[in-house]
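Peer 1: If you want the building blocks of each chain, they are given just below.
Number of protein chains: 2
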Amino acid sequence: HHEKHTEHGAVVRDAIIGFADGLTVPFALTAGLSSIGSSKLVIIGGLAELFAGSISMGLGAYLAALTEKKHYEVEEERERREVEEMPEAEEEEIYEIFQPYGVKRETVRGVVEELKEDKESWVRFMMQFELNLVKPKVSRLYISALVMGLSYLLGGLIPMIPYFAIPNVTKALFVSIGITVVMLLSFGYVKAIVTGTTRKAAVWSAFQTLAVGVLAAAASYGIVRGIDKA
Amino acid sequence: HHEKHTEHGAVVRDAIIGFADGLTVPFALTAGLSSIGSSKLVIIGGLAELFAGSISMGLGAYLAALTEKKHYEVEEERERREVEEMPEAEEEEIYEIFQPYGVKRETVRGVVEELKEDKESWVRFMMQFELNLVKPKVSRLYISALVMGLSYLLGGLIPMIPYFAIPNVTKALFVSIGITVVMLLSFGYVKAIVTGTTRKAAVWSAFQTLAVGVLAAAASYGIVRGIDKA
Numbered sequence: 014h015h016e017k018h019t020e021h022g023a024v025v026r027d028a029i030i031g032f033a034d035g036l037t038v039p040f041a042l043t044a045g046l047s048s049i050g051s052s053k054l055v056i057i058g059g060l061a062e063l064f065a066g067s068i069s070m071g072l073g074a075y076l077a078a079l080t081e082k083k084h085y086e087v088e089e090e091r092e093r094r095e096v097e098e099m100p101e102a103e104e105e106e107i108y109e110i111f112q113p114y115g116v117k118r119e120t121v122r123g124v125v126e127e128l129k130e131d132k133e134s135w136v137r138f139m140m141q142f143e144l145n146l147v148k149p150k151v152s153r154l155y156i157s158a159l160v161m162g163l164s165y166l167l168g169g170l171i172p173m174i175p176y177f178a179i180p181n182v183t184k185a186l187f188v189s190i191g192i193t194v195v196m197l198l199s200f201g202y203v204k205a206i207v208t209g210t211t212r213k214a215a216v217w218s219a220f221q222t223l224a225v226g227v228l229a230a231a232a233s234y235g236i237v238r239g240i241d242k243a
Numbered sequence: 014h015h016e017k018h019t020e021h022g023a024v025v026r027d028a029i030i031g032f033a034d035g036l037t038v039p040f041a042l043t044a045g046l047s048s049i050g051s052s053k054l055v056i057i058g059g060l061a062e063l064f065a066g067s068i069s070m071g072l073g074a075y076l077a078a079l080t081e082k083k084h085y086e087v088e089e090e091r092e093r094r095e096v097e098e099m100p101e102a103e104e105e106e107i108y109e110i111f112q113p114y115g116v117k118r119e120t121v122r123g124v125v126e127e128l129k130e131d132k133e134s135w136v137r138f139m140m141q142f143e144l145n146l147v148k149p150k151v152s153r154l155y156i157s158a159l160v161m162g163l164s165y166l167l168g169g170l171i172p173m174i175p176y177f178a179i180p181n182v183t184k185a186l187f188v189s190i191g192i193t194v195v196m197l198l199s200f201g202y203v204k205a206i207v208t209g210t211t212r213k214a215a216v217w218s219a220f221q222t223l224a225v226g227v228l229a230a231a232a233s234y235g236i237v238r239g240i241d242k243a
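Quick note, the sequences are listed as chains V and C, same order.
The first sequence stops at residue 243 when you use this note's numbering, and every number in between is there.
The second sequence stops at residue 243 when you use this note's numbering, and every number in between is there.
Please keep in mind that the hints were generated in silico from the structure rather than gathered at the bench.
Worth double-checking, as some hints may not be accurate.
It does not matter which identical chain is used: a pair holds within one copy or between any two.
Below, computed lysine-lysine pairings styled on DSS-like, alpha-carbon distance capped at 25 Å [unchecked claim]: (1) Lys148 to Lys82; (2) Lys184 to Lys82; (3) Lys213 to Lys82; (4) Lys184 to Lys148; (5) Lys132 to Lys148; (6) Lys242 to Lys53; (7) Lys132 to Lys117; (8) Lys129 to Lys117; (9) Lys242 to Lys213; (10) Lys150 to Lys83; (11) Lys53 to Lys213.
What you are looking at is a predicted structure, and each value in this text was computed from that prediction instead of being measured.
So that you can see chain V by itself, here it is in the shape it has in the complex:
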């Protein structure tokens, strides 16, 4: 017997998230800009947003993960200090951890005594069960940020290819819409599957992902048309 958990590669998950995000905003922007009628403008605006967005996403993810790591280290240091300087208070916190589950003090006392024997274990126990913090792995920070930034770039680039290949902007727009609808549905589905949902939930996710893309594109198109006329 073993639990089936959602332990798919975190890398795959980052790629899916970056890709799905890249499919939405750059597509919406190019769809809106296309209504002005210039392929060159669509490509300029689209690529500018795409590279700015992937830099922001990749670097942003890296910095956020770095902050989490620092936060973990700060809290770990604090727990070490408290285990040294205020052990009775820390012991009391162990009782408080078990109290909501109906486990009596006398029963927990044995656990408390054994945890106290090894201060490093005690600290790790408090990090996990009191603060609910997991130790972030450094190498994964770089990989995660790189994967997310690059997959955002790829996700946004594919719907733009028609504008490079097809001179007529309106035709390019329709091909772009076709490609993007298929990709939004596919990736909405895959995104849900890799987080361990049922097939039914994944189909629902596919249409939700499509809906977000459609709404974003409609807003973008509406704004461009509205301002262009005014």
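Got chain V sorted already, so can you dock chain C onto it with the hints?
Peer 2: This is chain C only, laid out in the frame that chain V set:
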């Protein structure tokens, strides 16, 4: 004695994140587009990206949180089934939870016996300590998504105001840069402070946030100039 944890309002945190993201990509895009020389184009492209981005961000956050909630419910249902049908295996898992912290089996046995008395408590214990999953609150999903989408909108709108107010595109660009540099530094700082870091780390975060904005804007500007000339 009480632990100083990073329990600032989740709403404040969402607002900070949305705002900081909104400051980066829309600003980068408008800075790049400004090099073409038309205020109207900057406003059109900027607003299109802004609304598409805030819709994508807000709705995306909502859908992701909904998926997490569903995931929690699926796992909770599985644990309930396993507690009913395979209690010995679940008991074994409790021993495995404590084993890395050096707590002996005989000591844990008392905890196991008391957890078994109330199946709901037992399930909740496994959710928390085996799967490390926290029950998401529904109301916060809506608020979180709304706050993130709206603060992205606000974050992106403020650097664009000069383009509405100042007819000369280049002048507007410089004012926009000035406003955005100040805001990126401020919000990089505040973003770190609300997650509980030291002042020194917050200053570092301020400059990192600025750096991401500068890099994104430089990429955008470079691309627009490069393609416009080609």
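Peer 1: All hints, please: hold or fail.
Peer 2: Here is what the structure says about each hint:
1. Taking the shortest Cα distances, Lys148 and Lys82 sit within 25 Å of each other both inside one copy (7 Å) and across copies (23 Å).
2. Within a single copy, Lys184 and Lys82 get their C-alpha atoms no closer than 48 Å, and across copies no closer than 41 Å, so neither meets the 25 Å cut-off.
3. With identical chains, the CA atoms of Lys213 and Lys82 are at most 25 Å apart between copies only, with a shortest distance of 16 Å across copies and 36 Å within one.
4. With identical chains, the CA atoms of Lys184 and Lys148 are never at most 25 Å apart, being 51 Å at best within one copy and 48 Å at best between copies.
5. In this assembly of identical chains, Lys132 and Lys148 lie within 25 Å of each other by CA distance solely inside one copy; the values are 17 Å within and 30 Å between copies.
6. For the identical chains of this complex, Lys242 and Lys53 are neighbours both inside a copy (20 Å) and across copies (11 Å), given an alpha-carbon limit of 25 Å.
7. For a Cα distance limit of 25 Å, the shortest separation of Lys132 from Lys117 qualifies both inside one copy, at 24 Å, and across copies, at 16 Å.
8. Proximity of Lys129 and Lys117 under a CA criterion of 25 Å is satisfied in both settings, with 19 Å inside one chain copy and 13 Å between copies.
9. Taking the closest pair of Cα atoms, Lys242 and Lys213 never come within 25 Å of each other, the shortest separation being 43 Å inside a single copy and 50 Å across copies.
10. For a Cα distance limit of 25 Å, the shortest separation of Lys150 from Lys83 inside one copy, 12 Å, qualifies, whereas the shortest one across copies, 27 Å, does not.
11. In this assembly of identical chains, Lys53 and Lys213 lie within 25 Å of each other by CA distance neither inside one copy nor across copies; the values are 41 Å within and 45 Å between.
The structure shown violates the earlier hints numbered 2, 4, 9, 11.
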